[in-house]
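K.L.:
These protein sequence lines are chains P and W, in that order. Mind the numbering: the first sequence is residues 618 to 1090 in my numbering, read in order. Mind the numbering: the second sequence is residues 4 to 340 in my numbering, read in order.
Think of the hints as simulated: they come from the structure by calculation, not from any bench. Ideal Cβ positions, reconstructed from N, Cα and C, are used throughout, including at glycine. It cannot be assumed that every hint is accurate.
What the hints assert, rightly or not - Cβ-Cβ distance ranges computed for the label pairs, FRET-style: (1) Asn88/W / Thr778/P: 38 to 44 Å; (2) Ser215/W / Thr778/P: 20 to 26 Å; (3) Gly878/P / Ser215/W: 21 to 27 Å; (4) Gln240/W / Arg933/P: 28 to 34 Å; (5) Asp332/W / Leu979/P: 34 to 40 Å.
What the hints assert, rightly or not - Residues of chain P clear of chain W, computed beta-carbon distances all greater than 10 Å: (6) Ala831; (7) Gln905; (8) Gly908; (9) Asp910; (10) Gln926; (11) Asp958; (12) Leu974; (13) Ile1008; (14) Ala1024.
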Amino acid sequence: MTTLLLTGIRLQHEQADTRHDLLVENGVITHIETAGVVNPQALPGISDSDEQQLASTTGEPDIITIQTNGLLVLPGFTDLYGRLREPGFSRKGTLASETAAALAGGFTTVLCAPDTQPAIDTPATVELIRQRAADAPGARVIPMAALTVGLDGKQLSELATLKAVGCLAAGQADRPIDNANVLYSAMQYAASVDLPLIMTAHDSQLAANGCAHAGAMATRLGLPGIPVAAESVALARLIELCRETGCRLHISRVSSARAVGMIERAKQDGLLVTADVGIGHLYFTDAQLAGFDSRYHSAVPFRSANDRQALRDGIRRGIIDAICSDHAPHDADASLAPFPDTESGLAVYDHFLPLWLALKPLLELSDEQHLNVVTRHPNAILCDELAPGAILKVGQRADIILIDPDAELTDLSVAATDGTTQGAACAGHGVSAGCNTPLIGIRNLNQCTDEAIPLTGRVHMAIVGGELRRSDY
Amino acid sequence: MSLPDPQFNQFGKLQHFIDINGLDAAQLTHILDTAEGFAGVNERTIKSVPLLRGKTVANIFFENSTRTRTAFELAAKRLSADVLNVDLVTSSTTKGESLLDTLRVLEALQCDMFIVRHGESGAAHFIARHVAPGINVVNGGDGQHSHPTQGMLDMFTIRRHKGDFAQLCIVIIGDIRHSRVARSDIAALVALGAGEVRVVGPHTLMPADVESLGVEIFPDIDKALVGADVIMGLRLQKERMRSATIPSPGEFYRFYGLSPERLAMAKPDALVMHPGPTNRGVEIAANVADGPQSVILEQITWGIAVRMAVMSIIMGNSEAARATLASNDAAARSTSA
């Protein structure tokens, strides 16, 4: 495996003007030293002293030195909810396009949502995803098992088998289990095989055919509403069944103030409950739906400004553990319909980093808090012990991103490391195949929301398990 | 970037009429004043005027309708337009792609104006955003969102009888939640500065945050009717009567129906309105619907004038825009020459 030497890097927890070198060997961080201390020529097996690439007798470079000129180095992010669309929906995106987009967003690991076609309910599908992902030079993909066969909410998937082939969690995507008995049983079984559940609190009967938060905007637009109770009632059921079964329960994509309060109480009760929020929910509200703007049609609806504030407070106070992308790329046809008929979801990856960077001043987070929600916490939820935490350390797996936090937003499409251009389907707007985002061309959120929040930042390089998989530097 | 209101052309003039939200009092009053001019046409021997001569108006109805479609057809004919009725009431699976495809086919038939009714909220906005330039769109009702010509004909009827909206107390009774008529009426009343708008009904028939529309909610009809100048009933759909929304039509009538006794609680000259068709003995007593204070049939009549006004205004604005652009073009050409 190639050895990587990153020189002149900036570390977040160090002073801005100090520079470091970081060495990656066999996929693991082996040295983090003050700049100039690591001497590549002193490394074993290196005979030539070419300053950029030292070729071995096989023609493969043994060591790649990257002079970063002060790029900020961060642990790669872990996404607990990304829809990668393959198999089944490759018209919307492929494992190749979406894992490349994930890297552009800062994610080096993505927990792939199970709502593929077929759903991730057999080892064969896991294997297919694994192979396609291995062929694509993007983020590492961890399949999330479909909790029930075909996500139909009736029969349990082979959870122990799926865990054995690498599914680190199970869930129902956006298809809640209506039958409480099936849910109870599923949570018991998941507890017995120690598989964490990633569940969205959504009562499909209370949500009925709703497509927007039941509030002033849905009322004005005559859109069928999804009441807060559709989340809180389902959440109460999940929490009580968690109490009963002792399973590890992660509440995916919380949307309301009431849900944040319920999760806080469940944690106070000592339940093994964690939670995340989609990053869009920390910025957007139902006000954005004005004029039937289907770019903000989200399966978990954007709710009121009060709810948004409670979600932000939930992050600040540690009640909400993680931030996910809730990335949902779509083809153009998915949006060409009256609002209720459009397919829900936003393509988020291309703008995740700027949105995440903006959170730190907005929520007055410490560096550690800011990084924990996208690194240490999601990794702990997946029990991934090798992954880096908020601070990069020797011995951790080399999942690393190199960013320029002040870079102005531009076209994020770059030539992938295999030479093919990603994101061509999106007319050069971004890396993801999905154009269904309101953020194309946005430099400040006051162009689309009620708050003036400038967006900057770019992932220049991403290293996954010691392999350089994104570079536009 | 929030989406621009597709109702207005580049000169800020109405080119489509799809939603009362977004229009101010002056724009609404202009429609009412124009309708006033057409109201007389109905009484003439020759009832048509040549404003839309040579134009083709297509009634594109994805939902069943007799009243609205007939009223639009008559309005278009009185403006001397050719009328094409396109009945698209097919399966409920009519999805976006086919809607857009349908639109393209009708554009290829070179119609000048589309009157659209569709079961999904936002369908008229969608069509207005995607229609070929040069075609005007009028919303004949989209889902639970908007029925703006009904809203305007209600305003026309109220203004004819009551004059200044600022002095009026209007009570709207029944299924606000599922009613596009209620939303358009409320939007128009608020924009026109109505003194007070009250809504009455059980919570199951009220949308979330209904007060945000600018109305006051009254659970008790008897209290709501005190001081009312205008009482508007709404049609209660049959399927609501058979679900958990209300227990029965009988109970609804007992607690929310407009009976003669209840009507007596309002001002003596209060108007009784209803967009029709009425469920007699459910929303309204037969003798109230047919009584001296009822203007239900008048609403239908004024609907023709109001729709003539809307069609002629948007067509006129588009013609003016085309003329301006053409003369700008010509000026640019002569300058460059």
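K.L.:
Enumerate the violated hints, using their earlier numbering and listing them in ascending order.
P.N.:
1, 2, 4, 5, 6, 7, 8, 9 and 11
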